[in-house]
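*Asks:* Here the protein sequences come in this chain order: A and R. Position one of the first sequence corresponds to residue 0 (numbering that gives the first Met the number 0), numbered consecutively onward. Position one of the second sequence corresponds to residue 0 (numbering that gives the first Met the number 0), numbered consecutively onward.
A few of these clues could be false.
You can't tell identical chains apart in this list, so a pair holds if it fits in one copy or across any two.
In silico PhoX-like links for lysine-lysine, alpha-carbon gap of 25 Å or less [as the list claims (entries may be wrong)]: (1) Lys62 with Lys40; (2) Lys80 with Lys94; (3) Lys59 with Lys75; (4) Lys21 with Lys75; (5) Lys59 with Lys80; (6) Lys75 with Lys62; (7) Lys59 with Lys40; (8) Lys59 with Lys17.
No lab work stands behind these hints: they were computed from the structure. If you're wondering where the values come from, they're calculated on a predicted model, not measured in any experiment.
Letter by letter, the chains look like this.
Number of protein chains: 2
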Amino acid sequence: MADKQLNSNDSIIYVGNKQPMKYVLGVVTQFQNGSEEVFVKARGRLISKAVDVVEILRNKLMKEVNVNNIETSTQKITGDKGDVNVSVISIRLLK
Amino acid sequence: MADKQLNSNDSIIYVGNKQPMKYVLGVVTQFQNGSEEVFVKARGRLISKAVDVVEILRNKLMKEVNVNNIETSTQKITGDKGDVNVSVISIRLLK
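Only chain A is shown next, with the shape it has when bound in the complex (with noise of 0.2 Å):
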């Protein structure tokens, strides 16, 4: 993903193909690091498991966890067939 906003205080977790519970660890990390917000972001049927990984989050392992936005947008993607609009979640979580 091109998303270059990295700052010195923020961390992104993307949502792949693994299992939700290794990114919802990976968020806890973050937060044990020093990481005043995480951000969970997604790309098409991700989102689901995005959303998923964020809920199981603040439901059993960080309840005090503050989901403080959630954005979508549209990334324009360029493949073999010519270009594919596919949709993007930005999840932002303050602790």
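Based on the hints, put chain R in the right spot on chain A.
*Replies:* Chain R alone, transformed into the frame defined by chain A:
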């Protein structure tokens, strides 16, 4: 169309297994019928499609639509194998 729809201030479009464009047109119709706000809601794997619906809407058919707020939650569903937690998304759109 039923006249009573003209009086409703909010409408809900539940995203299911049909093509995204069906739900996009459903939202447009609700606004055309006088709704001030429309909620797009989905559960589980359909969450990704709900985001697609909103992105198609605001990129193609209703560029003036305002994605006011996105919330997620968890629903407990009782099935044959006991309770299952399912993530839910609710996207609030304003004209």
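*Asks:* Next step is simple, just say for each hint if it's right about the structure.
*Replies:* Hints, one by one, checked against the model:
1. Lys62 with Lys40: both (20 Å within a copy, 24 Å between copies)
2. Lys80 with Lys94: Answer is neither: 42 Å inside a copy and 35 Å across each miss the 25 Å cutoff.
3. Lys59 with Lys75: Intra 35 Å, inter 14 Å, cutoff 25 Å: inter-copy only.
4. Lys21 with Lys75: For Lys21 and Lys75, only the inter-copy Cα distance (22 Å) is at most 25 Å; the intra-copy one is 28 Å.
5. Lys59 with Lys80: Cα proximity of Lys59 and Lys80: across copies only (21 Å, versus 42 Å in one copy).
6. Lys75 with Lys62: between (35 Å within a copy, 17 Å between copies)
7. Lys59 with Lys40: both (20 Å within a copy, 23 Å between copies)
8. Lys59 with Lys17: within (19 Å within a copy, 33 Å between copies)
Of the numbered hints stated above, the single one contradicted by the structure is hint 2.
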